Amino acid sequence: TQLLEQSPQFLSIQEGENLTVYCNSSSVFSSLQWYRQEPGEGPVLLVTVVTGGEVKKLKRLTFQFGDARKDSSLHITAAQPGDTGLYLCAGDNTNAGKSTFGDGTTLTVKP
Amino acid sequence: GAGVSQSPRYKVAKRGQDVALRCDPISGHVSLFWYQQALGQGPEFLTYFQNEAQLDKSGLPSDRFFAERPEGSVSTLKIQRTQQEDSAVYLCASTSKGTKRVLEQFFGPGTRLTVL
Numbered sequence: 001t002q003l004l005e006q007s008p009q010f011l012s013i014q015e016g017e018n019l020t021v022y023c024n025s026s027s028v029f030s031s032l033q034w035y036r037q038e039p040g041e042g043p044v045l046l047v048t049v050v051t052g053g054e055v056k057k058l059k060r061l062t063f064q065f066g067d068a069r070k071d072s073s074l075h076i077t078a079a080q081p082g083d084t085g086l087y088l089c090a091g092d093n094t095n096a097g098k099s100t101f102g103d104g105t106t107l108t109v110k111p
Numbered sequence: 001g002a003g004v005s006q007s008p009r010y011k012v013a014k015r016g017q018d019v020a021l022r023c024d025p026i027s028g029h030v031s032l033f034w035y036q037q038a039l040g041q042g043p044e045f046l047t048y049f050q051n052e053a054q055l056d057k058s059g060l061p062s063d064r065f066f067a068e069r070p071e072g073s074v075s076t077l078k079i080q081r082t083q084q085e086d087s088a089v090y091l092c093a094s095t096s097k098g099t100k101r102v103l104e105q106f107f108g109p110g111t112r113l114t115v116l
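Going down the list, the sequences are from chains A and B. Take 1 as the starting number for the first sequence in the working numbering and just add one per residue. Take 1 as the starting number for the second sequence in the working numbering and just add one per residue.
Hints are all accurate, no fakes.
DSSO-like cross-link-like pairs, simulated, lysine-lysine; straight-line CA separation at most 27 Å:
{"#": "1", "chain 1": "B", "residue 1": "Lys14", "chain 2": "B", "residue 2": "Lys57"}
{"#": "2", "chain 1": "B", "residue 1": "Lys97", "chain 2": "A", "residue 2": "Lys57"}
{"#": "3", "chain 1": "B", "residue 1": "Lys11", "chain 2": "B", "residue 2": "Lys78"}
{"#": "4", "chain 1": "A", "residue 1": "Lys57", "chain 2": "A", "residue 2": "Lys110"}
{"#": "5", "chain 1": "A", "residue 1": "Lys70", "chain 2": "B", "residue 2": "Lys97"}
{"#": "6", "chain 1": "A", "residue 1": "Lys56", "chain 2": "B", "residue 2": "Lys97"}
{"#": "7", "chain 1": "A", "residue 1": "Lys56", "chain 2": "A", "residue 2": "Lys110"}
{"#": "8", "chain 1": "A", "residue 1": "Lys57", "chain 2": "A", "residue 2": "Lys70"}
{"#": "9", "chain 1": "B", "residue 1": "Lys78", "chain 2": "B", "residue 2": "Lys97"}
For each label pair, taking beta carbons as the anchor points, the in silico distance ranges come out as:
{"#": "10", "chain 1": "B", "residue 1": "Gln41", "chain 2": "A", "residue 2": "Pro111", "range": "20 to 30 Å"}
{"#": "11", "chain 1": "B", "residue 1": "Gly59", "chain 2": "A", "residue 2": "Val44", "range": "14 to 24 Å"}
{"#": "12", "chain 1": "A", "residue 1": "Glu41", "chain 2": "B", "residue 2": "Val74", "range": "18 to 28 Å"}
{"#": "13", "chain 1": "A", "residue 1": "Gly82", "chain 2": "B", "residue 2": "Gln41", "range": "20 to 30 Å"}
{"#": "14", "chain 1": "A", "residue 1": "Asp67", "chain 2": "B", "residue 2": "Tyr10", "range": "42 to 52 Å"}
{"#": "15", "chain 1": "B", "residue 1": "Gln54", "chain 2": "A", "residue 2": "Gln9", "range": "27 to 37 Å"}
{"#": "16", "chain 1": "A", "residue 1": "Val28", "chain 2": "B", "residue 2": "Lys97", "range": "17 to 27 Å"}
Source of the hints: derived by calculation from the structure; they are not laboratory data. In this text, all values refer to a predicted model and were calculated from it rather than measured experimentally. Glycine included, each C-beta is placed from N, C-alpha and C at the ideal position.
Using the sequences provided together with the hints, build the complete structure.
Here it is in structure tokens:
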């Protein structure tokens, strides 16, 4: 079983602060996705990273895939209350034939 | 365009009752996935369809769980003789590609099942 560990589990910060959340595994993934899920809704895809060392930016969000494709990070600059939600990473491995979600980081941004 | 829809959004069942959860994927999407999400956890894979064929049901927790997609579009997840541990949000996702990979999956809002 391929496990993805996300940290921290909970994070509460003030508006305007920066933050980084992590997604780690001992397994290599073909690609990794980050989703955001709001209460009562399904996860919404934010980004897919494929190449080791890849960095993708989406406005104030910066995603990085580790060189060995075992881990990833999400950095948010100047967080806003609208960033509040559950951030999930999901690892995809074509060889394993099954994708795995982490348990997520619950982010709360206070105004 | 319409996204993935699920019904009902909320379901309360007494222990021992049977329930049926419906998923309407995005029109034309080939692959359909069911996930179970317990409170405070990430989604866990239950089963996967490519068109009408159920290609992987390895995540179904017991033989009380049954899923079908007879015409390759709408899917139903049925849980027989519900137990309290079945209480969770059941998510459906679809993708236009005929693949089991997570890439580009579009999720519905989920059905929250509470078993009393």
